[in-house]
Amino acid sequence: MTAMRMRSPLGRAVGLGSAKEGVEHWWLQRITAVALVPLSLWFVIAIIRLVGADVDSVRDWVGNPLPAILLVLLLIATFYHASLGLQVVIEDYVHAELAKLGLVIIVRLACFALAVAGIFAVLGMAMGMSS
Amino acid sequence: MRSADRPLSPHLQIYRWQLTSVLSILHRAAGVALTAGAILLVWWLVAAASGPEAYDGVADFLGSWFGILLLFGWTLSLFYHLCNGIRHLVWDTGHGLDLRSTYVGGWLVVGGTGVLTLIAWIAGISSWAS
Numbered sequence: 002m003t004a005m006r007m008r009s010p011l012g013r014a015v016g017l018g019s020a021k022e023g024v025e026h027w028w029l030q031r032i033t034a035v036a037l038v039p040l041s042l043w044f045v046i047a048i049i050r051l052v053g054a055d056v057d058s059v060r061d062w063v064g065n066p067l068p069a070i071l072l073v074l075l076l077i078a079t080f081y082h083a084s085l086g087l088q089v090v091i092e093d094y095v096h097a098e099l100a101k102l103g104l105v106i107i108v109r110l111a112c113f114a115l116a117v118a119g120i121f122a123v124l125g126m127a128m129g130m131s132s
Numbered sequence: 150m151r152s153a154d155r156p157l158s159p160h161l162q163i164y165r166w167q168l169t170s171v172l173s174i175l176h177r178a179a180g181v182a183l184t185a186g187a188i189l190l191v192w193w194l195v196a197a198a199s200g201p202e203a204y205d206g207v208a209d210f211l212g213s214w215f216g217i218l219l220l221f222g223w224t225l226s227l228f229y230h231l232c233n234g235i236r237h238l239v240w241d242t243g244h245g246l247d248l249r250s251t252y253v254g255g256w257l258v259v260g261g262t263g264v265l266t267l268i269a270w271i272a273g274i275s276s277w278a279s
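As you go down the protein sequences, you meet chains A and B in turn. Following the numbering used here, the numbering of the first sequence begins with 2 at its first residue and continues without gaps. Following the numbering used here, the numbering of the second sequence begins with 150 at its first residue and continues without gaps.
For reference, chain A alone in the conformation it holds in the complex (with noise of 0.2 Å):
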């Protein structure tokens, strides 16, 4: 407890400190990293095979289960990885507290949306209630 008699006396009674949640910004944000690593490259060969396809085609694929949960996955991946990763950016950069403050929950609830639309849109297509 070497640590806790360095500090003032006011300093023990705030008790303000680290709050014991910064490993798991970064630890995210590298599971993140290692699932988008495959789930990317499927993707990138996936949409190599449907250049030019129609809505018929586009809709049988994702019809199918497993591009379905995959897609799923790679929705949930990007968008939680881009929010961490706009969010370092935001904090880096944007020093008015304010400002900085309105962009990481904008950025955080626009993610969560965007996350929300795709995966509903996957679901709708995989269990054929488009119109």
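Honestly, the hints are just simulated from the structure, not real lab data. Wrong hints could be hidden among the right ones.
Unchecked claim - Okay, the calculated bits of chain A under chain B, using three or more residues with CB under 8 Å as the criterion:
#1 82-89
#2 95-102
What the hints assert, rightly or not - Calculated Cβ distances over 12 Å to all of chain A for the following chain B residues:
#3 W166
#4 S199
#5 W214
#6 H244
#7 L246
#8 L248
#9 V253
#10 G255
Claimed, not checked - Per the computed footprint, the stretches of chain B lying under chain A, defined by three or more beta-carbons under 8 Å from a beta-carbon of chain A, are:
#11 183-189
#12 264-273
For clarity, every value in this text was computed on a predicted model and none was experimentally measured. Virtual Cβ for every residue (Gly too), placed ideally from N, Cα, C.
Given chain A, work out where chain B should sit, using these hints.
Chain B only, in chain A's frame:
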């Protein structure tokens, strides 16, 4: 001198660029570009789920010169961020952090990005032509 007047680091007018710092900032730029690409992906999926008219609108846009430019930028950003991301994951294990390895790895990333982008576009164009 007020703090706002002080020169910022790096002082860009006299800064000597190196491969390592250029690749570092490009990793960020590519990441931001890929977010735009991900929005494009969601737009494409939602359009395909919505119906033929919506889907044809997206397909026409992606087939225009601007759409093809976007897709090319997306491919380049994706392969760059992927290759350099793997370089970052290797660093996270504590390996390849000496000066020589950062340059060897950096040039490998540049070469890998070029080769993968070229392969993807050759495959894409032949898939489109068939």
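Going down the list of hints, with the structure as the test:
1. 82-89: holds (count 3)
2. 95-102: That given contact is violated, which follows from only 0 residues of the region 95-102 of chain A lying within Cβ reach (below 8 Å) of chain B.
3. W166: Given that every Cβ of chain A is farther than 12 Å from that of W166 (chain B), nearest at about 19 Å, it holds.
4. S199: violated, 7 Å
5. W214: holds, 16 Å
6. H244: Non-interface label on H244 (chain B) holds, nearest chain A Cβ at 15 Å vs cutoff 12 Å.
7. L246: holds, 16 Å
8. L248: holds, 24 Å
9. V253: holds, 20 Å
10. G255: holds, 18 Å
11. 183-189: holds (count 4)
12. 264-273: Answer holds; 3 residues pass the 8 Å Cβ test.
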